[in-house]
Each structure stands twice: as structure tokens, then as C-alpha cells.
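J.: What follows is the residue order along each chain.
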Amino acid sequence: MKNRYPSWMATALAAAVLSPTTPSQTTRFAPPVRLQAGDKLLGKGRLYPSPAVHDLDGDGRLDVFVGDLRGHITFALRNPDGTFADEQKLRDADGKVLDFGNW
Amino acid sequence: MSPQFVDFNGDGHLDIVCGIFDGSPHVAFGDGTHWRQPVGILDKEGQRIVMNEFWNFDTEQWDSTHRCDPDGGAPAPGHLTSAIAMDIDRDGDFDLVLGDHKSGYVYLRRNEGTDASPAFATRNELVMAGGSPMRDPGTVATLRSVDWNGDGRLDLMVGGMGDPYGSATGGGVAVYLDVGTGDATEFGPAVQLIEPSPKTATGGPTRPDSGLHPEAVDFDGDGDLGLIVGGYSHWTPEGPELTAAEQKELAQTKARLAEITARIVELNAEMLKAQEGLAAEAALELRRKLLQDPERKRLRSEEQKLRRRQNELEPTAKRVSFTWLYEQY
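Just so you know, the protein sequences line up as chains A and B, in that order.
Take the first sequence: its position 100, counted from the start at 1, is 100 in my numbering, and no numbers get skipped.
Quick note, my numbering runs 1000 ahead of the 1-based positions in the second sequence.
This is chain A alone, in the form it adopts within the complex:
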């Protein structure tokens, strides 16, 4: 079967299969912490920030993307130590900001 989802999802699935959970009984989260990119808080002040993950640079580490109500996407590459580099705007091949906000 061709891989139609990002590679991280297959990794997550494999991990989950090794340790199956029943969320209604076992899902307990630690108190959440805010993510940081560079010296700023990731997505702070954006209109309805919406994160997604994808290994953009193919280094085997998941990078984090943040979309917003205006229709723009930023990304922060994950460093080897697990921290994130500064957020950058996602651009097309011509260098134009990818813009979903056409309304």
C-alpha cells in the first residue's frame, strides 16, 4: 500500500500498536507546557494557531508548522537537542508566502 500519510504517522501507529491504550481509561496528560521556537513562544499572538507536524528537511526529526486564521503557515525546524529553531514563513517555489487567506 502506498504511503498516503506523512511518515511520522506510520511511526506513531507502530509505537501505539506496541503499547495499545484505551483512552477512556488510561489517557492522562501531564500539565501542558508552552512550546518555544527560538527565543519566542511558538505561535504566540497568532489568530487561532493550528499546529501540524512534518519532517520538512528530511533529517528524521519532526518539525512543527502553525497555520492561522489569516491563512498563513509558519514552520520551526527541530534541532538535534529537541528544541525548535525560529519560526519562518512557508513560501512557494517563487519565494511568495503560501497564502490560503483568499477571502
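Keep in mind that the hints were calculated from the coordinates and are not lab data.
Every residue, glycine too, gets a C-beta built ideally from N, C-alpha and C.
Wrong hints could be hidden among the right ones.
[Stated by the list, open to error] A short list of chain A residues far from chain B (calculated; beta carbon distances all over 10 angstroms):
| id | residue |
| --- | --- |
| 1 | G38 |
| 2 | D39 |
| 3 | S50 |
| 4 | L77 |
| 5 | N79 |
| 6 | P80 |
| 7 | D81 |
| 8 | A85 |
| 9 | D86 |
| 10 | Q88 |
| 11 | K89 |
| 12 | D92 |
[As the list claims (entries may be wrong)] Derived lysine-lysine pairs resembling PhoX-like cross-links, with alpha carbons at most 25 angstroms apart:
| id | chain 1 | residue 1 | chain 2 | residue 2 |
| --- | --- | --- | --- | --- |
| 13 | B | K1273 | B | K1254 |
| 14 | B | K1318 | A | K44 |
| 15 | B | K1318 | A | K40 |
| 16 | A | K40 | A | K89 |
| 17 | B | K1297 | B | K1273 |
| 18 | B | K1248 | B | K1289 |
Place chain B on chain A using the hints.
T.: Frame of chain A; chain B shown alone:
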């Protein structure tokens, strides 16, 4: 808009699918290196995919239609602001799952074609969960497909909007497990992963309280899924214990601010009256001049100082967006 990385057209490269506030789903096709500027995803007749409310690009106004309602009608007016690609009918191609920001329902737009040559139906279908239409009481902020319980079947995660501004209940995150056993997807009832926020934080942000946009991922590689959640945190800063003198100062500050506001309203009314009958350019010139009036500038300056002081004595509620990481114990 919630970006979803997925090979939507089956060409081997990840694309970005999302719904946006115009009321329709969009896709930016990728070539493995970059993504092209997004385009709308249309149905098999070339029509926009919407719920009820949408931005009409021809009239440049908000508009409404029942063209895409499910058979029997929609249970409530809907406004699509989120969309993901998911093979919900398990026939080997991506359908669209649509989130309703207005009334909280979740709809399916079935793909009757293939990934390479999609043919989306012309009407929405209600997605069912546990025998009832799937609905987030806080309305839908976004959707995610993920195999949450590791049984090899994709489940549907819903991030709730909640009350985005006021003190009413905020948003949470729920997952609807695919409890089917055969070829059909069959969602069970909601399993709450993050409870809707009561918005009781004081002193500082403690969690995303409204507009919750989750992404599920094993971020630390420990073998279980965590959540990255974007959203707004609401909290009331802790104010100082006021002395009798400070309480008096606060009362005086509020009273003076009320006086200033009333005087500025008067000045605005005078300015509007002075502009009556003037040509647009002359009216604009007069407005610029009157905005520089010394009394107005003095009042504005005093108002700023007083508001700063008021906020020190009696901090006002905060609402700021962040991105949070939830890890399982």
C-alpha cells in the same frame, strides 16, 4: 486554517489540505520540495464545497445556501472552517471530512472518483457517532485523523472552539474511535481527551482554553501519543491587595476616566457636526485638524496614563494565543 499534510492526489508527494474561513476546503499541491499556491477543492460538477454560510467572491459579501445540505436538510445552519482528507468510507480514496464552526456538526463529502481523479459528491452527509450525528457542543475548531488506540483503524479527533471571548465554557478535545470491524467506518461516542475549559485560571495561562486546534503525535518517542494544541489561553491576573488609599485612588481613577470618555464623545459629536455639508476632501482636512486639538490630545494622554494605572491596581482579564504540548504520563 489547520494544515494537514497528506498525499491528496496520490502522486507520491505530500500536499496541504485545509478548510478556511471562506467556508470551503482548499489544497496546496506539493512537488516534494515546495507547495504551490492553494486552490479550492470543488465537487464533481465544479461547484464550491460549502455548508450553508460562505464568502461569496462575486458579490464580495457573506452569503448562504442550502445547495449542499444533506438529504432531509441540515440539522442547523453550518459554516465550514475546517476540512481534512480521510478515507472514511474505506474505498481506497480520500473523502473530505468537514467541520462546522457554527453549530458543531461534522459532515462527510464522499469521493466517488479516485485520488488522482476525484469526484466529490454534491451534497454533505452527516457523520454519525454512537448512533447520533457527531457534534461538538463547543462547535468544531478543527479535525484530525489519527489511530489513537493503535488498532489499525483511523479515528477522528475533534478540537472544540468553545466560547472564544466570554466567560462561558471553553473548548476541549475529543476523539471518536472507529469501533467498526468490517469495511465500514463506525465511530463510537466521544471520548474526551481534554475536558472543555472552565476558564478559571488566575495569575497566568495554564492551558489552551478556547479555539483548541490539536495535532496528535508521539513527540518524545516514548511510544504513546501526545497532543500539540494551539488555542487561546484566558486568565485573570492576580491584582495586588489594595490599601485603603489605593482603593480610593482606583475609585477616583474610574470616575475621571468616565469624565474623559464623556468629553471625548462630546468632541466627536462636535467634529461630526462641523464636517456636515463639506465636500469629502474638505471634511477630511477639517477632521485631521480637529484631531490635533490640544484639549483632545491632553485628554487622550491623561486617559492612557490612567488606564495603565487602573490596570496595575485592578488587572483586566487576558486572552492570548499559544501552542501547548500535552504528554501522557
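J.: Against this structure, judge whether each hint is valid.
T.: Do the hints match the structure? See the list:
Distance to chain B confirms G38/A as a non-interface residue, since its nearest Cβ pair spans about 13 angstroms, more than 10 angstroms. Listed as outside the interface, D39/A is consistent with that label: its C-beta sits roughly 15 angstroms from the nearest C-beta of chain B, beyond the 10 angstroms cut-off. Distance check on S50/A: its Cβ comes as close as 4 angstroms (rounded) to a Cβ of chain B, failing to clear the 10 angstroms threshold; non-interface status is violated. In this structure L77/A is separated from chain B by more than 10 angstroms, as the shortest Cβ-Cβ distance comes to about 15 angstroms.
N79/A, annotated as away from the interface, keeps every beta carbon of chain B farther than 10 angstroms; the closest lies near 14 angstroms. At roughly 14 angstroms from the closest C-beta of chain B, the C-beta of P80/A stays outside 10 angstroms, upholding its exclusion from the interface. Every CB of chain B lies more than 10 angstroms from the CB of D81/A, the least distance being 13 angstroms, so the non-interface label holds. The claim that A85/A is not at the interface with chain B holds, since no C-beta of that chain comes within 10 angstroms of its own (minimum 15 angstroms).
Against chain B, the non-interface label of D86/A holds: every CB pair exceeds 10 angstroms, the least being about 14 angstroms. No beta-carbon of chain B comes within 10 angstroms of the beta-carbon of Q88/A; the shortest separation is about 14 angstroms. Here K89/A stays apart from chain B, with its beta-carbon at least about 12 angstroms from theirs, past the 10 angstroms limit. Some Cβ of chain B comes within 10 angstroms of the Cβ of D92/A; the nearest lies about 6 angstroms off, and the non-interface call is violated.
Simply put, K1273/B and K1254/B have alpha-carbon atoms about 29 angstroms apart, too far for the 25 angstroms limit, and the pair is violated. For a cut-off of 25 angstroms, the pair hint linking K1318/B to K44/A stands: about 13 angstroms separates their Cα positions. Restraint check: the Cα-Cα separation between K1318/B and K40/A comes to about 19 angstroms, which is no more than 25 angstroms; the hinted pair holds. For the proposed pair K40/A and K89/A, the alpha carbon gap of about 15 angstroms is at most 25 angstroms, so the pair holds.
Between K1297/B and K1273/B, the direct Cα distance comes to roughly 20 angstroms. Compliance with the 25 angstroms bound is thereby established for this hinted pair. For the suggested pair K1248/B and K1289/B, the alpha carbons sit about 38 angstroms apart, so the restraint of at most 25 angstroms is broken.
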